[in-house]
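Enquirer: Each chain, letter by letter, is given below.
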Amino acid sequence: MEKFTLEIIQDTLVAAGDEMFQTLQRTSMSPIIYESLDYAVGITDAKGELLAQGNGVTAFLAALDSVVRATLEKFNGKNALEEGDVVIANTPYAGGGTHLSDVSVIYPIFYKKELIAFTVNKAHWTELGGTFPGSVSTVATEIYQEGLHFPFVKVKSKGKINEAIVDLIKANVRLPDSTLGDLFAGIAAAGVGAKRVIAIIEKYGLETFKKAKEDFLDYGERMCIEALKEIPNGVYEGTTEIEDNGFGEGPFPIKAKITITDTEFIADFNGSHPQVKGATNLAFSGLVTGCRSLFKAITTPRMDANGGAFRPMKVLCEPGTIVSAEAPSAVSVYYEVLITSIDLIWKILAPLIPDKLPAGHLRSVCATFISGMHPDTDQFYIQAEPLAGGWGASATHDGNRGQLSCGSGESYNIPIEIREMRYGIQVEQYAFHNEGGGYGEFQGGNGQYVDYKIVSDGARVTAAFLGEKTKTWGMKGGHDGSYNYFMIIRKDGTRERHSLGTNIFLEKGDVVRCVTATGGGYGNPNKRPKEQVLLDLKNGYITKKEAKEFYHI
Amino acid sequence: MRVATDIGGTFTDLVCLEFDRKTGKPTGVKVAKADTTPANFEQGILDTINKGKVDLKEIGFFAHGTTVVINALTERKGAKTALITTKGFRDVLEIARCNRPDLFNFNFVKQPPFVPRFLRFEVEERINYKGEVIKALNTATLKAILKTCKEENVASIAVCLLHAYKNPKHEIQLLQELSKLTNKIEIIASHQVTREWREYERTSSSVLSGYVLPIAKKYLNKLEEKLKAKGLQDAPYIMQSNGGITTLNDVKSNPITMVESGPASGVFGAIALGKVIGKKDLIVLDIGGTTAKCALIENGQVKITTNYKIEHSRTEAGYPIQTPVIDIVEIGNGGGSIAWIDEGGKMHVGPKSAGAMPGPAAYGRGGKNLTTTDANIITGRIHPDYFLGGELPPDHASIAEASKPLCKTLNGSKEAIAKGILRIANANMINALKLISVNKGHDPRDFTMVVIGGGGAMHGADLARELQVSELIVPPHAGVFSAFGMLMSDIRRDYIRTNVLTLVRQQKDTIAATFSEMQKEAISNFKADNYKEEDIKFTYYADLRYAGQEHYVKVLLTHFSRLTALEDIIAHFHEEHEKHYSFRLEAPVELVNFHLVAEVAVEKPDFPKMDASGRTVAEAIFDQREVDFDDLGKHDTPFYRRELLAPNMMLHGPAVIAETATTTVVTPLHEVRVDAYGNLILTLQKTA
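Quick note, the sequences are listed as chains R and E, same order. Counting along the first sequence from 1, when you hit position 200 you're at 200 in the working numbering, and nothing is skipped either side. Counting along the second sequence from 1, when you hit position 473 you're at 1026 in the working numbering, and nothing is skipped either side.
Hints were generated in silico from the structure; no laboratory data involved. Bear in mind the structure is a predicted one, so any value in this text is a computation, not a measurement. A few of these clues could be false.
Unchecked claim - Subject to a maximum C-alpha distance of 30 Å in a straight line, what follows is the list of computed BS3-like cross-link-like pairs (lysine-lysine):
{"#": "1", "chain 1": "E", "residue 1": "921", "chain 2": "R", "residue 2": "3"}
{"#": "2", "chain 1": "E", "residue 1": "905", "chain 2": "R", "residue 2": "356"}
{"#": "3", "chain 1": "R", "residue 1": "229", "chain 2": "E", "residue 2": "905"}
{"#": "4", "chain 1": "E", "residue 1": "640", "chain 2": "R", "residue 2": "544"}
{"#": "5", "chain 1": "R", "residue 1": "530", "chain 2": "E", "residue 2": "700"}
{"#": "6", "chain 1": "E", "residue 1": "688", "chain 2": "E", "residue 2": "700"}
{"#": "7", "chain 1": "E", "residue 1": "856", "chain 2": "E", "residue 2": "606"}
{"#": "8", "chain 1": "E", "residue 1": "805", "chain 2": "E", "residue 2": "700"}
{"#": "9", "chain 1": "E", "residue 1": "610", "chain 2": "E", "residue 2": "770"}
{"#": "10", "chain 1": "R", "residue 1": "538", "chain 2": "E", "residue 2": "703"}
{"#": "11", "chain 1": "R", "residue 1": "195", "chain 2": "E", "residue 2": "921"}
{"#": "12", "chain 1": "R", "residue 1": "548", "chain 2": "E", "residue 2": "703"}
{"#": "13", "chain 1": "E", "residue 1": "805", "chain 2": "E", "residue 2": "779"}
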């Protein structure tokens, strides 16, 4: 009977995770949190072992438990955490780090004076100061240009808010209401989770709780090892590259060697290029989080995440590479390197497990930050968002259209009607394009155009669209897809094509066209049924010219 | 006489209430059940009318709830539909919100749109967020669009233009032009379905409305005709998802409002019941064969939401419909839910259900899986004479066979597994019940729980104990309570409009003007159905948030008419926000949506009272058997017949109260009182 009680405790922890997730979404003031859901929430035990996690984005899978462990490293002994303390941290190079914009709130939970667990969340705050609006720069060379850095500081001590930190934030960010709103939303969400954990312990007792969590972690490991057995053992290698560092230099290779046995999965990135000038660097803890999300995708995609399910995975890399960058390298565009790393393992393993991994997808967050003054309210705005594009085809179906990259997940686009009111920007089109590619027995999903017309002077755009020179990859005879890029169409009709761009000035009447890639195709195009090609043509997913040239119809 | 019929997934129910028109006193209740007939749903209704021997000539009021809309949607049996939208935006429907709930499944398949790309047309026009026309509507291409539609046998067209929630001018023009050009195709525009922002949600709502429009109209016409032929004088009233009924004419113009009418009427029945027994704060739990649904009622009011999706799950994004729906949480946990073990050795219950065929193992129809119902039998909680409506005894050999794999994997007895199933099923339901209560800032101890549906009373006592609700009520006819609820509903229409503004004194006129414009629309709709303006009761709500936030809290505006109380409204919002989210901010408060509820009360009977029988409670006992109450131990337990329990009787747990459509389990900790209406009222007699 006890077994069922343990399971119920585990499910209750997962439900508490869901509740924290909703609280943060509903109370945040940043669209990147409440629409893009660029955050994750979790519960760990007193040592930082992950017990439950609720995700908006896939990319924070190693962030929560390791940020708790890093917190424990700093606060121990005489300096140990006390009831009512809340810590915030965004150090990229320490446990759980990504870039400064992603801030973790770490909330220790005490029961009868004993530290028994943590609730924790990590969210992308729209504004944290730094050289450019949105705290992202593709031309930063040091972290000091990328915004405010919280090196594991107590924002609350024994239940009392640390006004000095609040004042410091207020004085250093461009949208203080929104930034502080995000801070309080994070604390509120963690507090809700903490209450639920206490309720579980009050109901079932501390010993049962501890037993349930050990049982849960072992269960995660068992589930994972069962799944690992399905993947052919072997050593597999591959290379990819970061095309540009924002200074016109590159490409920079990333190497991976994957070793799979029945009980282990080792991703070795030794030999990757040294960290670069510019912000296209990933710290080691970011690399681990990327590897975890791919690992989860091929082992236990449907299971509620817990630390046990990652025990069989190891990531190796010497310090100081483009995927294990060290202080004080700039990292604000880390997410492009992260997704490129995921894509590398994906491409290496896809032929082995085509039922789990399709051909290549847009492989970029295509994040844009447009800032300026609202034409009607005259208030400063920053529109920050990821963009959707095409996914690769697989052995069983065509590629999906209109989806965000693998780094996102339960993230949403910003509705046009809300965007136009909030930012004053006018959307001219939101549509699939015909830039070609992705032909195969199964066709890659179309990429898309989003055209933003700027309606007030003095706006600026920062964006990073990797994949401007590299197409998404096809598989088993399927063709490669197309490119990600953005284009400024000036009032006078001149066009500027970009991959990485920072603080590009825009005038009233200019259009920013964001172009996301079409996904890779799967299998030989000659095997695609004629009626399917004709239907694609009727739907305008492909053009007449493409039908003739690639499908001979 | 008043009649309500409710079409469910398996059965069609009829409840007929006879009452004295002078005194309002009910004189009798008739209940009939027939199989649901998916090919022509109206046949099932006629069957219940025949079975119940109801003479339609004597019926003054006929209310009807139907699954025809949700059925057409989930089985993809709607009309071939086209979409006309703003130039540059025909892919909004397919791009959807770009989310991927199945986060770590990189080989997912996105749900396809209801309208294929070649039937998504664009027209030149543009209105901005302020509602200003920045590009005039060009209707020159409509002829070509209609030509394609005819060639493709399109039966329905949905129109949805950007920012039409703010200014529907171009949609209205389009409707006029289209109706000049065709009378064979049904046409519906977004502003007729919803006046809220978010273009994808609005487009999806319009498309799904168009998709069900022809089939729903046809059904309603046939129903009206057949009931008339059988002698019904007045047109029937139709149940909507907002918990109110409306006229046949009204629902024909926008049938999507019926999408969740079944669960809505059960909840409204509970509210009506609560009114007569003086309980305004209720948690309603409806456990059926496949799912459990729950809703929270605060101060006699249930929340209405337009954040509704069909086919939404932890792995699928679903299709949104912005129509007013009672705020219900539904989980895949019912009597037929199957227990199974995953690769890591963990047992789960549901969401897969054994349904009616083959059904739980106990049905002996070849069901090879152990279900929640089987677990209830193993623990002795269902009397064999009352199993499956008393039609046949449970098949114990089949249960033993179905338990084997679970016993082996988990190395436990059948009895231990059964208790595990019940614990897990109950924990799932507790999590759902917490979602609507604790997670929204409500303390369940302040609430009374009402359990309905076939399984509600089986699990109610355990759940009530865990949630610490003060009282648990099992109403009479709990199995057909949805139909019952319809008899207690008023005519209700919800008008919701997005018009974002900051709550400051300067905006008072705009606020008043918006509400009065909505009120005018409501009055004209009701007048079209021959209702008088003075009979309409208006209630005003606003969806409020801190400026900069996205999500809002719905706040009742009690003092709207005087409009002197902006400060009160803001103060009320701060309170509500803190209750829901545990903090308040200094930021200014924004109004996002105006929400007007217009109701006309219909003449209703009182809730039927029951007479004392003069017998003793002991006379209701028909058997004594061992029942396993899990952590409360095994007990030799008396079994009572529900029909022999009468007002003022009291009994103590452990007990089981059996009736045809459900069974009430009374734990050793509970005691039961029968009230004047025949409700079983369970309270804790002592703590564990």
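Enquirer: Look at each hint and say if it fits the structure.
Expert: Here is how each hint holds up against the structure:
Of the supplied pair hints, the one linking residue 921/E and residue 3/R holds, its CA atoms being roughly 24 Å apart against a limit of 30 Å. The straight-line distance between the Cα atoms of residue 905/E and residue 356/R is roughly 23 Å, inside the 30 Å bound, and the hint therefore holds. Restraint check: the Cα-Cα separation between residue 229/R and residue 905/E comes to about 27 Å, which is no more than 30 Å; the hinted pair holds. Proposed proximity of residue 640/E and residue 544/R is supported: the alpha carbons are some 22 Å apart, at most 30 Å.
The straight-line distance between the Cα atoms of residue 530/R and residue 700/E is roughly 26 Å, inside the 30 Å bound, and the hint therefore holds. At most 30 Å may separate the alpha-carbon atoms for a hinted pair to count; residue 688/E and residue 700/E meet this at roughly 25 Å. Annotation: proposed proximity of residue 856/E to residue 606/E is violated, straight-line Cα distance about 37 Å (limit 30 Å). Proximity of residue 805/E to residue 700/E is assessed by CA-CA distance (about 26 Å); at most 30 Å being required, the pair is judged to hold.
Annotation: proposed proximity of residue 610/E to residue 770/E holds, straight-line Cα distance about 24 Å (limit 30 Å). As the CA atoms of residue 538/R and residue 703/E are separated by approximately 16 Å, the hinted pair is consistent with the 30 Å bound. A C-alpha spacing of about 41 Å is found between residue 195/R and residue 921/E, which places the hinted pair above 30 Å, so the restraint is violated. As the CA atoms of residue 548/R and residue 703/E are separated by approximately 29 Å, the hinted pair is consistent with the 30 Å bound.
Pair hint residue 805/E plus residue 779/E holds up; C-alpha atoms about 17 Å apart against a cutoff of 30 Å.
Of the numbered hints stated above, those contradicted by the structure are hints 7 and 11, listed in ascending order.
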